[in-house]
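Here the protein sequences line up with chains F and W, keeping their order. Quick note: the first sequence uses my numbering, first residue 1, plus one each step. Quick note: the second sequence uses my numbering, first residue 1, plus one each step.
Worth double-checking, as some hints may not be accurate.
[As the list claims (entries may be wrong)] Just so you have them, the derived chain F footprint on chain W, three or more residues with Cβ under 8 Å:
| # | segment |
| --- | --- |
| 1 | 160 to 168 |
| 2 | 172 to 179 |
| 3 | 182 to 194 |
Bear in mind the hints are in silico, worked out from the structure with no lab data behind them. The C-beta atom is built at its ideal place from N, Cα and C for all residues, glycine as well.
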Amino acid sequence: MEGSQPAGTPNQPVGTPTGIRNQPAGTGTEGGNGKEILRVEHLVVEYGPRRRRVHAVSDVSFLMAEGETLGLVGESGSGKSTTGRAIAHVQPPTSGHVYFDGIDLGGLSTGRLRRARTQIQMVFQDPISSLNPRRRVRDIVAEPLAIWNTGTAAQRAQRAAAMLEAVGIDPVTVGQRRPQQLSGGQCQRVSIARALMLEPRLLVCDEPVSALDVSVQAQILNLLADLKEQHGFTMLFIAHDLAVVKSISDRVAVMYLGKLCELAPADTLYDAPLHPYTAALISSVPSPDPERGPRTPLAGRTAGMAGTGPVAAALANEVPSPLHPPSGCRFRTRCAYAATLCAREEPPMRQLAPDHFVACHFPLAH
Amino acid sequence: MGESRRPLGALFWVCLAFIVLVILAAALANFLPIPSPTAQDYAAINTGPSLHHLLGTDDLGRDLLSRIIFGARVSLVIGFGSIAIGLLIGGTLGLLAGFRGGATDAVINAGSFVILAFPPLLAIVVIVAFWGRSLWKLTLIIGIAAIPQLFRVIRASTMSYANRDFITAARAMGASTRRIIVRELLPNVAPSAISFALVGVAVVIVLEGSLAFLGLSVSLPTPSWGNIIFEGASNNNLQLNPFIALWPALAMFLLLTSLNIVGDRLREHFDVREGGL
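Full structure from sequences and hints, please.
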């Protein structure tokens, strides 16, 4: 399938797992506005003892093009954070591969991995937990340079001050404070400054605004967008808030119980979701306009279906335990359209529209 | 948004001053204008406080102030020395086990249980009885007995930090395990560890007293606080001259109280209040 794609297609993601295996790095995926920077192949992350094995991420594959922002959404426990951590190799994958710039990170020695992963940096959800409570802000931001012994202490301090300024933190007054003296938004700015000190090419943002007030969320999102433009890094943006993801992402991937459900350009995904789970997620986003009610992308989709009824009801159920994920399609226990086929066979990821991938036996029609 | 640290308070400084005073007196005992702790003044036996003997003399005519100051050496060396050994070994292992987790943690933890399985006082009594009871042997044995206690406290404290995102961030930045332990974990673990260690010093000083009562502290006539109290309580001395036992007991009480207060106040002072957000 990949081979038949026109070579000029930008942001070409991975569809079927078989497609990528036959695809050497750097060929066939180089698009018009960016070459492949990250390739995730059959990523599996499990932890816990054998009998109580948590299948956090089960066979996830996708590509990221240099310079793009990929949003990764899903409910709690969908494995989106674990995916991000496995990509940065702060949590080693159980199996599968993460190729960064064509290099398999899992195959590197400890020393070379340490050096290689400086190109992938992370920003975390919890502003408090992200920063060492004992250290001063300016030392926290200078630390990445200190680790690699870059320049003199004075040069490091200078670069840290410049970076703090770039994220909107006064290096003189706030720089000498400790994290507990900062607000949540300030903490996230410091985290972002620290992450950018090593000039990473990929920034993994693990729910960076989820713990913040809505007004502060917007500031941080704008800051990330500005910094991305200046520094030109690629961004994997993990969140559970679809509105947030839509505003910042070029493409959006939806995860459910450790599996990728759907992957499409942001606008396409929101306007014409193909996976019932994506549709349910979108319909559950509260609308700021009280006259309009909740978003209803499925309203009137099929004759005889009353608005969002079945889909909205579908998400009322609990997410099944990742200890014992359902057979076949993992979403079937909550899906309004589930059939016997869904329990028997796992739906493969397939491309139904240009750049639009979905793993569903009965994708929604538009 | 100023520094939100709890002030140390006047009591802290008074207690710290007392501890420093005891340490200085013990260290400089040879240069102080006091008689030898073993010199006998036959003109003054079992006397109360006087100008000649500020705290009086014992039943052999030895100056009690001198004996207490020289006796502080033993108590302080055993107290601080053994806890320093415990802190160095137990602390390092605790940081490593708490940070690494998994197999490393399981092995070190099992080792700590092996030492903990022996009742400490009984084990020390048996070892001292067979191996001898010099100051250094006592310090080493008590130090080894203190390792698992300090290990457990520091391991638990380390574990509460090991899974925080700033540790993950440090790893993503390429920091080595050693750097993470020294630069990220140690500063967070140190305050509670030091506080616990100071209480530990107090416990060991009392333990030395217990050993003295069993005749297993440093050999006589070398004075230790435990030895002096023991002498003051034997030979009917408690009725004849209660000062012999009173002064070292008072010194021990004040030092223990000071150690506890200093430890507590330090911990409170460095406690990071994270409820602000």
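Subject >> Verdict on chain F covering the segment 172 to 179 of chain W, where coverage means 3 or more residues with a C-beta closer than 8 Å >> reply: n = 6 at 8 Å, threshold three: holds.
Subject >> Outcome, coverage of the segment 182 to 194 of chain W by chain F - at least 3 residues whose beta-carbon is closer than 8 Å to one in that chain >> reply: Per the Cβ count (4), the hint holds.
Subject >> 8 Å C-beta test of the segment 160 to 168 of chain W against chain F, three or more residues >> reply: holds (count 4)
Checked against the numbered hints given earlier, this structure breaks none of them.
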